[in-house]
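Based on the sequences and whatever the hints tell you, model everything.
Protein chains in written order, with numbering that gives the first Met the number 0: chain A, 0 to 349; chain B, 0 to 349; chain C, 0 to 349; chain D, 0 to 349.
It is worth saying that the hints were derived from the structure and are not from the lab.
It does not matter which identical chain is meant; a pair holds if it fits inside one copy or across any two.
Lysine to aspartate or glutamate pairs mimicking EDC-like chemistry, simulated, CA-CA at most 20 Å apart: (1) K71 x D131; (2) K230 x D139; (3) K71 x D23; (4) K230 x E304.
Quick caveat: nothing in here was measured; it's all calculated off a predicted structure.
Number of protein chains: 4
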Amino acid sequence: MRALIYGGPGNIQCESVQDPILSDQDGAIVKTTLCSICGSDLHPYHLDLGHSGYCIGHEAVGEVIEVGRNVKTFAVGDRVLVPASLGCGLCLPCRQGNVVLCQTHGSHRVFGQGVPGIGGCQAEAIAVPVADSNLYRLADGVSDEVGIMLTDNLATAWYGARRARVGPGDVVAVIGLGAVGLQCVASALAMGAARVLAIDLLADRRALAVKLGAESIDAPDVAAAVLEATKGAGVDVVLDANGGPVTTALAIELVGRGGRVSVLGVSEKVSIAFPILTALRKNLEFHTGVCSVQAELPVLMREIESGRLNSRALSEIITHRMGLSEGSEAYAMFNARKDGMVKVVLDPTR
Amino acid sequence: MRALIYGGPGNIQCESVQDPILSDQDGAIVKTTLCSICGSDLHPYHLDLGHSGYCIGHEAVGEVIEVGRNVKTFAVGDRVLVPASLGCGLCLPCRQGNVVLCQTHGSHRVFGQGVPGIGGCQAEAIAVPVADSNLYRLADGVSDEVGIMLTDNLATAWYGARRARVGPGDVVAVIGLGAVGLQCVASALAMGAARVLAIDLLADRRALAVKLGAESIDAPDVAAAVLEATKGAGVDVVLDANGGPVTTALAIELVGRGGRVSVLGVSEKVSIAFPILTALRKNLEFHTGVCSVQAELPVLMREIESGRLNSRALSEIITHRMGLSEGSEAYAMFNARKDGMVKVVLDPTR
Amino acid sequence: MRALIYGGPGNIQCESVQDPILSDQDGAIVKTTLCSICGSDLHPYHLDLGHSGYCIGHEAVGEVIEVGRNVKTFAVGDRVLVPASLGCGLCLPCRQGNVVLCQTHGSHRVFGQGVPGIGGCQAEAIAVPVADSNLYRLADGVSDEVGIMLTDNLATAWYGARRARVGPGDVVAVIGLGAVGLQCVASALAMGAARVLAIDLLADRRALAVKLGAESIDAPDVAAAVLEATKGAGVDVVLDANGGPVTTALAIELVGRGGRVSVLGVSEKVSIAFPILTALRKNLEFHTGVCSVQAELPVLMREIESGRLNSRALSEIITHRMGLSEGSEAYAMFNARKDGMVKVVLDPTR
Amino acid sequence: MRALIYGGPGNIQCESVQDPILSDQDGAIVKTTLCSICGSDLHPYHLDLGHSGYCIGHEAVGEVIEVGRNVKTFAVGDRVLVPASLGCGLCLPCRQGNVVLCQTHGSHRVFGQGVPGIGGCQAEAIAVPVADSNLYRLADGVSDEVGIMLTDNLATAWYGARRARVGPGDVVAVIGLGAVGLQCVASALAMGAARVLAIDLLADRRALAVKLGAESIDAPDVAAAVLEATKGAGVDVVLDANGGPVTTALAIELVGRGGRVSVLGVSEKVSIAFPILTALRKNLEFHTGVCSVQAELPVLMREIESGRLNSRALSEIITHRMGLSEGSEAYAMFNARKDGMVKVVLDPTR
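This is the structure:
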């Protein structure tokens, strides 16, 4: 089959590789109908993480084409999404859906990071271990494009907002309006937030946020603008979809006293400067972490199916549609934010 | 001034009475700009509660025209709403806004029930004890008609939904689509509910619920229709805005396993039959109680001001606008649900 | 093997039956080392539920003697407890441990109720379906007698207290000081309750509660005594371990305004009279349900292993130790509360 | 009267000053019966905060000797504690007890920091503004020494543990076993924690923690010892009672995946290095803040009165009892941790 292979920083190529095979009787093979590139795929694109030559990507939807003998809840022909995160299915956190806290693996596992036995999703097919735990059925009427969002970006946005306990009456700021940030806007509003303030340097991304229901913060001094918009109080919650040292410091600056900050983006730095006295004075609640996609999907699927999360609006976050064979170019454009690219999906048949 | 006086079952008259006066330096006098009749005003209209001759009503908005010397947060000229419930302002529950649990009074107090020193709100003016605790500022841009909803019906709906922990993904049924039930629909959706099923015998009330975002359950066998609408699962939450023996039993029938029932309506019976084994098998969580309006207002006001709770849609719940002098007729129409009356407001200048 | 067979009301006999066998490759066979009689076993002992001839009982600990090929987390020789409740292991509630809400079965399943394929635990051996989900490892150093408590009574007590959100500062009343009620005392204190008031007609049971840390309510008028003990406030939480019409009404009488009632006992009546107006005035939160033992065990095992729940004190709840062959007599004594029997365990080797 | 006056770093003197007077009719004057030195009093003792010449201290219990005309809930002769934090009593957070988030003041206010109109507590008498909100009655049978703990240290410990959601089954580590840290041990256990691991360089402080129910971590490599004590899992919660850059980094190292860190100590640095990638991988929940003492007291007083928090054990944290006139020496000893001093109380009559 064809697959995008990571060859080191800046180097992604569409290559022919062996088809995936069932490693044991608990797994399944999924034929990809749509896959996509995530902001976190840019980490290995930027930094040399020390290994290469593996299939990359962790966002895919498709159809089950083979199941192991022990798989009970999926059958050949089922339409599924492949959640980015995966677990052993047996330990207590995995049974509860918190696969990121898997005790068997001892760390969270994600497709497409070169871990032996766990392939990448930017490929024509994927082997999914422990299918009963790690696959998720795509409800009828939920499109592949919405399904792609559910595999990681929307689930991460929802998780981040949920951890920050976004609820009715809250004024929420979202920093960084890529695909995750835009879906933070939609998630916070679906959770009942009174207002969402959208922050990004790019005007077209702010415009997308406004279409989703946010207010654009368009000012040279973002902190001053947020204070003004909240009559000096600061916001109740900040969702930092970027996650670098600059935005996390900004998040703690924007949040009001008694507020909550949730950092979803993955920093490219190991350590950041943390304004501990400001945090203390604000009685700050601070969250960061990686989403266990499986844990968010039951509620998210209901919100999607009922129309509370607007599928059409979510699809507009997908600004580009390309073929898997154009993977190298897609990465380059995504990295450069060229041509207003926010989210690109790849069709594996092309 | 003129005021509606309760003269026993079926007997409400607009009469001339003495103007209210400040009983101490903690109180305030509010000149009413709009008042209204609540479903619970029909209890004394139906049943002889053993005392009469007092001013009735507990829903009013108006303007402060006099304040005691110790009042610190209100001044003459302030536009306010008068929450239905009131407390001492000093005990722990009152300080936290849970005035219904007031330890000083030992029971919840409501305007217009003939308690000495606590007048009624269907009048040209009202004396409000402990104004700093019991009055609430009406934000600019919030109309008197929305303010009237906040004094009791909307606050009660919100409180009932909040106690039932309505949140994203929930399928909610609302029984009884009077003013409280319709605002349960709006509240549940604002809290993120995926779906709201609206139940009432009257088609025009169901139509109002649909305008607010609900699905109408229009079937001779409501329980069967709800099961079908939920693929046999039952709903996650039932909000019973009626509260009689029949609707509470229906609520426990409609709710799914692991679900929650919140009874907001006030039963006219002291005791009801409770299907305890069904409740046990469903692992039921059951709530009932009276709303401390003051506790709900901070979040509700934000939801109103931000437009998350749609003021225009809420105003449509008000089907009739009459003068205070027409109070007797208004009660009769409201009791008979005549002319499609759902909610009637009374203008004290007429 | 020998097993206790239910032959209709008042009729339990120790008989020879066929050994259990693996019904599929997901199950396991457990050789019982200790089993016991639960208060809910008295329901079929009192009432003709319409079927008989099956092995009864749902509390057992033992050793795994056979596992199906697909069982991954248990092996022959493992020391285990058999939780009373069991689920399919695949649906969302079961995966989260809420086996009582199993969507596959559509109702909760318990060992020893004559459901085809699900045997009873008062036997020398038990077939446990879907062992990875339904069995639980007994930690080293946790005795069989404590393990027996964890299979149902202690888990149920903990669940009931947890649903009522017992926490620091709470004053809790426990009604009915059988094995579940006594463990409610221990659970509430382990959760930080400030005080526990213990209510039962039998002085020896109240004495056991006092040894566990409770205050005995020993008065002809229990309601008056509880009001006096709480300076007129009533208690924050009532745990009703009995569950009949009388005790549930008492629970709602004892609870203070803003309080919570959790009914753990299983009523022998389908419907009870419920004081809905009192409940409304108290802003009551009311819970009832059946415990998913698997969901409580992770925390409970930690509380046991750390000594926070005192194993020695829990063992004192076991007042009688008999042989399986004495099952008929044990039931008769337990039913009559003869000789101060609170909890009886049965040794399957005798 | 006599009072301890802050004269700059390292300089505290007992001096004669004017008696406090009522500034308005909402306040009260409290004659001090016991006061004490808090760890946070060492900040101005170490650092030049730019102003001096004011009375220091924020921990006192005493007797009301004068009340303003508007004070409703206190009278001359009442035995009270003076909570360290104070608010306006009128804004929403203050009404709910969250005085630290006071919207009128715009920042948290504490006695003894030189703010005009707010005196210090290391004095023979104290003027308390808005007494109905800011004073708290000391229950009969609660000693002055326990009352002193409630004014700040115990309330802060409880608040920190509560924010970290310490509950049954949790394994908790406490870093820094001064008065706050030791009371974190007691608080975590009262909340149901399964185990508490106590960390401090000083063996005598660890011994005090063990007396309160903790396990001492006594090893050169604390992180390795905690991992070993938790079989590699790390702890569920870390309470950092120290709060400097070193201990906060240690806290994030000790906590397990999915765990919570609560920083109670006040850092003397504005900013610290924060291991954001480790925090992300652990799905960290992080809290810091200043305690609103008033918000914690209702539950704490119940835990004290019921004996769940052991008054005798808490009193053992007070290692030294001196006279107010020995204030200068007491500060020097406390700063040097001389003679095993953990907590020193000052008798204003000496």
